[in-house]
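Enquirer: Chain by chain, the residues:
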Amino acid sequence: MTEHDFQNLVDRQYVPLFRFALSLSKSETEAADLTQQTFFLWATKGDQLRDRSKAKSWLFTTLYREFLSRRRHDARFPQVELDEAREDDVSILPNVEAIDGKALLHALQDVEEPFRASLTLFYLEQFSYQEIADVLEIPIGTVMSRLSRGKAQLRERLLSKGDTDARKIVSMAKEKRTETHG
Amino acid sequence: MDNREARFILSAYRPSGQDANDPRFGEALGQARRDPILECWFRESVELDAAVTEKLRSVCPPSDLRESILAGGRLSRPS
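Chains as they are written, first to last, in our numbering: chain E, 1 to 182; chain G, 1001 to 1079.
Everything labelled a hint here was simulated from the structure, so no lab data went into it.
Where a beta carbon is used, it is the ideal one built from N, C-alpha and C, also for glycine.
It is possible that part of the hints are untrue.
Only part of the chain G face toward chain E is listed, based on derived beta-carbon distances under 8 angstroms [unchecked claim]:
#: 1; residue: 1017
#: 2; residue: 1043
#: 3; residue: 1046
#: 4; residue: 1058
#: 5; residue: 1063
#: 6; residue: 1077
#: 7; residue: 1078
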């Protein structure tokens, strides 16, 4: 791998990698460190990857593994039961236009793992559900479940941050009645 | 497929439409076209996802991060 190749890869991927790391770690300093560490690992081991088209997935997977490794024994990140988030109970959508990027990031950081990693990869819009499954090394059904439940958590977090006037009523209660009665 | 299952699947549909031809979404998308209530939910959901994506793109890394990575990468690469 030439220095030119390395620089091209950094230029393409360091910003989305940093955003992913920031959503996971909640700390700009740690996010920058995770991003650097990931590229340094690539610099030392990247030549072992035969299929260079998978470099992007390799970087995101490596960053996520590094994050999990650092958090493995951290009591601040307990395992979350998937049933805790209920995607079908949300009847109000936040007005995201009224929220700045920093507040949105904080809301995303409040979403619990393991939902947050899938959600961030989805919103970075670089990965399909299949690619998210590959990066996080989980089944497709788990990705869809985490996206569905993670979005419900994010909406709750955004609503809790927002002004009542900025909320938008969506008639999902009506939908439920319609489904029930035919 | 009921609307609950369709919503579950459509939650993974990316807002810019890259998944429009993915057969895994086909049935759920078809149901959203036929059911006005599901269609309304889907439209609102995609709009929210697009807005979140846009806001997330405004988050920038520290100004010196790129140079730090490049400098550290030079030291880390096998000689």
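Enquirer: Each hint: holds or not?
Expert: Okay, the hints, checked on the actual structure:
1. 1017: violated, 11 angstroms
2. 1043: Given a least distance of 10 angstroms, the restraint on residue 1043 of chain G is violated.
3. 1046: At about 12 angstroms, which exceeds the 8 angstroms cut-off, the nearest Cβ of chain E leaves the hint on residue 1046 of chain G violated.
4. 1058: holds, 4 angstroms
5. 1063: With a minimum Cβ separation of about 11 angstroms from chain E (threshold 8 angstroms), the hint on residue 1063 of chain G is violated.
6. 1077: holds, 5 angstroms
7. 1078: Because about 7 angstroms separates residue 1078 of chain G from the closest Cβ in chain E, which is inside the 8 angstroms limit, the hint holds.
Of the numbered hints listed earlier, those contradicted by the structure are 1, 2, 3 and 5.
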